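Asker: Letter by letter, the chains look like this.
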Amino acid sequence: MSDLLAARSQMAMSLAFHIIFAVVGIGMPVLMVVAERRWQKTGDPIYLELARRWAKGTAILFAVGAVSGTVLSFELGLLWPGFMEAAGPIIGMPFSLEGFAFFTEAIFLGVYLYGWNRISARAHLWAGILVAVSGAASGIFVVIANAWMNAPTGFELVNGRIQNLDPIAGMLNPMAFPQTLHMTLASYAATGFAVAGIHAFLLLFDRQNGFHRRALSVALLVGAPAALLQPVSGDLSAKAVARLQPAKLAAMEAHFETGPRAPLLLGGWPDVDREETRYGIRIPGGLSFLAFGDVEAEVTGLRDFPRDEWPNVAIVHLAFQIMVGLGTYLALVSLWAAWVGWRRRDVAGNRPLLVAVALAAPMGFIAIEAGWTVTEVGRQPWIIYGVMRTADAVTSMPGLVYPFAVFTALYCFLGLIVAWLLYRQIIRSPRADEWSRVYAPARPGDA
Amino acid sequence: MPELSLADALAGLLALSLNAYVLFGGADFGGGVWDMLATGPRRARQREVIAHAIGPIWEANHVWLILAIVLGFTCFSPAFARVMTVLHIPVSLMLVGIVLRGSAFTFRTYDDEHDAAQLRWGRIFSSASVVTPLLLGVCIGAVASGRVVAPAGGAFGERFVEPWLTPFALAVGLLTLALFAFLAAVFLTLETGDRELVEDFRRRALWSGVAVFCASALVLLLSFDGAPLMNRGLMGSAWAVPLHLGTAAASVAVFAALWSRRFRAARVGAGLQVSCIFWGWVASQYPYLVPPDLTVDAAGAPEVTLRLSLWALGLGVLVLAPSLLYLFRVFKSGPGDGVGVSGGHAGGGP
Ligand code: HDD
Ligand code: HEM
Ligand code: HEM
Numbered sequence: 122m123s124d125l126l127a128a129r130s131q132m133a134m135s136l137a138f139h140i141i142f143a144v145v146g147i148g149m150p151v152l153m154v155v156a157e158r159r160w161q162k163t164g165d166p167i168y169l170e171l172a173r174r175w176a177k178g179t180a181i182l183f184a185v186g187a188v189s190g191t192v193l194s195f196e197l198g199l200l201w202p203g204f205m206e207a208a209g210p211i212i213g214m215p216f217s218l219e220g221f222a223f224f225t226e227a228i229f230l231g232v233y234l235y236g237w238n239r240i241s242a243r244a245h246l247w248a249g250i251l252v253a254v255s256g257a258a259s260g261i262f263v264v265i266a267n268a269w270m271n272a273p274t275g276f277e278l279v280n281g282r283i284q285n286l287d288p289i290a291g292m293l294n295p296m297a298f299p300q301t302l303h304m305t306l307a308s309y310a311a312t313g314f315a316v317a318g319i320h321a322f323l324l325l326f327d328r329q330n331g332f333h334r335r336a337l338s339v340a341l342l343v344g345a346p347a348a349l350l351q352p353v354s355g356d357l358s359a360k361a362v363a364r365l366q367p368a369k370l371a372a373m374e375a376h377f378e379t380g381p382r383a384p385l386l387l388g389g390w391p392d393v394d395r396e397e398t399r400y401g402i403r404i405p406g407g408l409s410f411l412a413f414g415d416v417e418a419e420v421t422g423l424r425d426f427p428r429d430e431w432p433n434v435a436i437v438h439l440a441f442q443i444m445v446g447l448g449t450y451l452a453l454v455s456l457w458a459a460w461v462g463w464r465r466r467d468v469a470g471n472r473p474l475l476v477a478v479a480l481a482a483p484m485g486f487i488a489i490e491a492g493w494t495v496t497e498v499g500r501q502p503w504i505i506y507g508v509m510r511t512a513d514a515v516t517s518m519p520g521l522v523y524p525f526a527v528f529t530a531l532y533c534f535l536g537l538i539v540a541w542l543l544y545r546q547i548i549r550s551p552r553a554d555e556w557s558r559v560y561a562p563a564r565p566g567d568a
Numbered sequence: 029m030p031e032l033s034l035a036d037a038l039a040g041l042l043a044l045s046l047n048a049y050v051l052f053g054g055a056d057f058g059g060g061v062w063d064m065l066a067t068g069p070r071r072a073r074q075r076e077v078i079a080h081a082i083g084p085i086w087e088a089n090h091v092w093l094i095l096a097i098v099l100g101f102t103c104f105s106p107a108f109a110r111v112m113t114v115l116h117i118p119v120s121l122m123l124v125g126i127v128l129r130g131s132a133f134t135f136r137t138y139d140d141e142h143d144a145a146q147l148r149w150g151r152i153f154s155s156a157s158v159v160t161p162l163l164l165g166v167c168i169g170a171v172a173s174g175r176v177v178a179p180a181g182g183a184f185g186e187r188f189v190e191p192w193l194t195p196f197a198l199a200v201g202l203l204t205l206a207l208f209a210f211l212a213a214v215f216l217t218l219e220t221g222d223r224e225l226v227e228d229f230r231r232r233a234l235w236s237g238v239a240v241f242c243a244s245a246l247v248l249l250l251s252f253d254g255a256p257l258m259n260r261g262l263m264g265s266a267w268a269v270p271l272h273l274g275t276a277a278a279s280v281a282v283f284a285a286l287w288s289r290r291f292r293a294a295r296v297g298a299g300l301q302v303s304c305i306f307w308g309w310v311a312s313q314y315p316y317l318v319p320p321d322l323t324v325d326a327a328g329a330p331e332v333t334l335r336l337s338l339w340a341l342g343l344g345v346l347v348l349a350p351s352l353l354y355l356f357r358v359f360k361s362g363p364g365d366g367v368g369v370s371g372g373h374a375g376g377g378p
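First to last, the sequence lines map onto chains X and A.
Residues in the first sequence are numbered consecutively from 122, following this note's numbering.
Residues in the second sequence are numbered consecutively from 29, following this note's numbering.
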C-alpha cells in the first residue's frame, strides 16, 4: 500500500466512523425533545421513559463522537500538512465556529442529562432544544469547510499559491448551501429511520408493546419528512455539482461522451479502459434535464477531461447509485407511512409497512456513507478542487500503513463495544421491574 | 519590550487555551492516574470519588484542546503543519490514548452490570490516563528543545524519531504526568465529604508535590544540554525572576495549605503554581513558536484571518459565558454535589 493510499484510507475510515456519531448527535436530540414534549402534553409516562433512554444512548454516542472528532482534527495535520498549511487560514473560520457550537452542545447536554430534577420542565425542554440546535450548527459548520474544498472561493492564486484571503467569502462558497441542507436533512432521515426501523422490527414480535409503538411514531415524525425532502435537496446538490465540478458529475453518471440530450443512467457498469458503460437503463435527455433543467443541454463527458483528472469512476458511480436507490426507497416508505397514518392513524398495525420500515433501519446510514464517498472520491485527484492535488498535500512521513492499521483496529473494537452497549442499555424492551418504578438509572460507580 | 502584534495576541490566546486544558483536562487525566494507584481498604471508594468528579465534565474540559488545535491550524498553519509532520508518531500514540481514555471511561460508567467488565474498562481507562500525559509532555518537550525543524532528508530515525526521543523530552513527559497527578490529588480533596478519603488524597497531593519538584529539577538540569534556547530564557531573561519567584511562592503556599488542611486555598495555589510553570515554558521560547526558527510573527496567518479569529473568539465568549454560568448555577449551587453527600445526582443521572 503506498503512503498516499494509506493516508487516504485512514482519513476515509476515520471520517466514516465519526460521521455515524455526528449524525446521531444531530438527530437524537430532536427525537428526545419531541418525546419529552409529548410527555408534557399528554402526561403519558412512557414518553418520559423514551426521552430518558434516548438521552442515555446519546450520552454514550456523544463520548465516542467527541474522541473520534478529536482524532480527526489532529489527522488533518498528521496526514495532510500541505493542505492545512495552505488552507488552514481560510477554512479555520468554520472550524472555530464549530468548536463553539460544540461547546454549547456539550454544556446543554450536561444540563439535559443531569438536570431532570433540578430545573423546571420548561427549562429542561429548552435545554434539549438548544442541544438540538447547536448539534445541527456544528454539523453545518464542518460541512461548510468541506464545501470549500469542493468549490474553493475567497482567495487569489498568485503563482500557484493561495493569497489575498477572504475567509468570509470562503464560507459563503457556492457548494455550502446545497451541501449543508442535504447533510442536515440526511441526519434527521438517517437517525429517524434507524430508530423507527429498530422499533418496527421489535413490534413485529410484540405488536401491542406501548413502548415501541410510541417510539415508532416519534421516530417517523422526525425521519419521514426529512426523507421526503431529501430527493429534492439532492437534486439541488446535483445541479451545483454539474455547474462547479463537471468531472465529478460525469463520474457519478459514468458519462463518457460529451453531448446534448445526455441520458440518465440507472445501474450500469462503467468500463474505464474502453471508456464506455455497459448494461443499465438509459432515460434519454434525463441527465441533461436533471443537471441543467433542459433536455437539450450539453453535458460534458469524462473524455473531455485529461485522464489524470478522472476520479475513480466505478466507485463514484456505484456509490451514487446506492445513495439514490436507498433515498428513493426511504422517500417511498415515508409516503406510505404518511398515507396510512393519515387514513387509519395506526402505523404499527400495518404489518407490511412495519416490515418495510424495519428494512429501512440501516439504509439512511448506508446512504450517508455512500453520499460522502461520492463527494470525496468524486473530488479526486484534488484535495482543493482545481487548486491542490491530494498527492501534493500528503505528509512526508513514510510507513503510513501502520497508523492506518492501528486506528482501523481501534475503531472496529470501539464500534463493536458501542453496538453491544446500546443493545443492552437502550434498545431492548424495558423489564417488568423497570416499568413498575420511576425510571432512575444507576449513578456512575454504582455496581 | 517590543510592541505586541496581532499574532502575539492570538498566540497568547492559544497558550491560554492550552493552559486551561492543562488545568482542567490535566486534572481529569490525573484522576485516572489515582484510579490506577488506588490502594488500601478504601480503594473502591477512592475510585468512586474520582469517577464522580470526572464524569459530567471531562468532555467540556476536553474542548480546550480542540480549541488550541483549531487556533493552531487557523492562525499558525505553518507551525501546525511542521509539528504534526515531525511529531507524527508521538501525536498518533497520544490520540490512541485519548480515544481509549474517553471511551473506556464512558463504557465503564454505562456498562453497569458485570464486575469483570467494569474492572477491565477501569484498567484501560487508568493506563491510558498515565500514557497520554507522558506523550503530551514528550511533544511539548520536543518543541521546546528546538529539534522540531523542517524535515530535510535524512534517515527515518533522524527525521521522525530523534527529535522527540531525547532525555529532555522524556523528562518533560514525566513532569507533565507529575503535574497532572498533583493537580488531581489537590482538587480531589474537595470532591468528597468523607474524612478518610480526604486524608488519602491529601497524602497523595503532598507526595506528588514532591514528585513535581524533582521532575522540575530534572527538566531544568537536562535543559542545559537538551534545550539551550529555553534554558537561556529560563535562566537569563527579565521576566525569569518574577516567574520563578511566583512559582516558588505558589508551591510553598500549596504545601502550607495542604499541611494545614486549607483545601480551597490549596486548590487555588496549585492552579497558580501549574500555570506559572506553564507560562514559564511559553515565555522562555517567545518569540519562537517552534524554535529554533519559526517565530510567532513568521508563522502567523494573514491579518484578515487573525482579526476574524479574534472576532470569532469574542462571539464565542458571548455565547459561552452565559451558558457556562447557567451550567454552574444549576449544578454547583445548593447542597449535595459530592459523593459523600448522598443523592447528589439522584434520579437525574445519565
Ligand atoms: C440519508 C441520506 C441520504 C439520502 C437519502 C440521499 N443523500 Fe445525497 N448525500 C448524502 C446523503 C443522502 C450525504 C452523505 O449527506 C452527502 C455527502 C455530502 C453531502 O453534502 O451530502 C450526499 C451527497 C450528494 C450529492 C453530491 C454532492 C457533492 O458532491 O458535493 C448529490 C448529487 C446527492 N447527494 C444527490 C442525492 C439525490 C438525488 C438523492 C435522491 C434520492 C439523495 N442524494 C439521497
Ligand atoms: C464525515 C463525513 C465524511 C466522510 C464519510 C468522508 C469521506 C472521505 C473519503 C472516502 C475520503 C477519501 C477520498 C479518496 O482519497 O479517494 C476523504 C478524504 C478527505 N476528506 Fe472527507 N469525508 C467526510 C467529511 C469531510 C469533511 C467535513 C471534511 C472537512 C474539511 C473532509 C476532509 C477530507 C480531507 C482533508 C480528505 C483527504 C484528502 C482527499 O482525499 O481529498 N471530509 N473523506
Ligand atoms: C474533517 C471532518 C471533521 C472534523 C475535523 C471534526 C471534528 C470534530 C471534533 C473535534 C469533535 C469533538 C469536539 C470535542 O469533543 O471537543 C466533533 C464532534 C462532532 N462533530 Fe465532527 N468533525 C468532522 C466531521 C464532521 C461532520 C461531517 C459532521 C456532521 C455533519 C460533524 C459533526 C459533529 C458533531 C455533531 C459533533 C458532536 C459530537 C456528537 O454529537 O457526537 N463532524 N467533530
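Hints listed in this document are in silico derivations from the structure and should not be mistaken for laboratory results.
Careful: at least some of the hints might be erroneous.
As the list claims (entries may be wrong) - Here are a few chain A residues that face chain X, going by a calculated C-beta distance under 10 Å:
(1) Glu87
(2) Val91
(3) Ile94
(4) Leu95
(5) Phe101
(6) Leu115
(7) Val119
(8) Pro315
(9) Ser337
The structure displayed is predicted, hence computed values, not measured ones.
Yeah, the Cβ is synthetic: ideal placement off N, Cα and C, and Gly gets one too.
Asker: Among the hints numbered above, which are violated by the structure, and what are their numbers in rising order?
Answerer: 8
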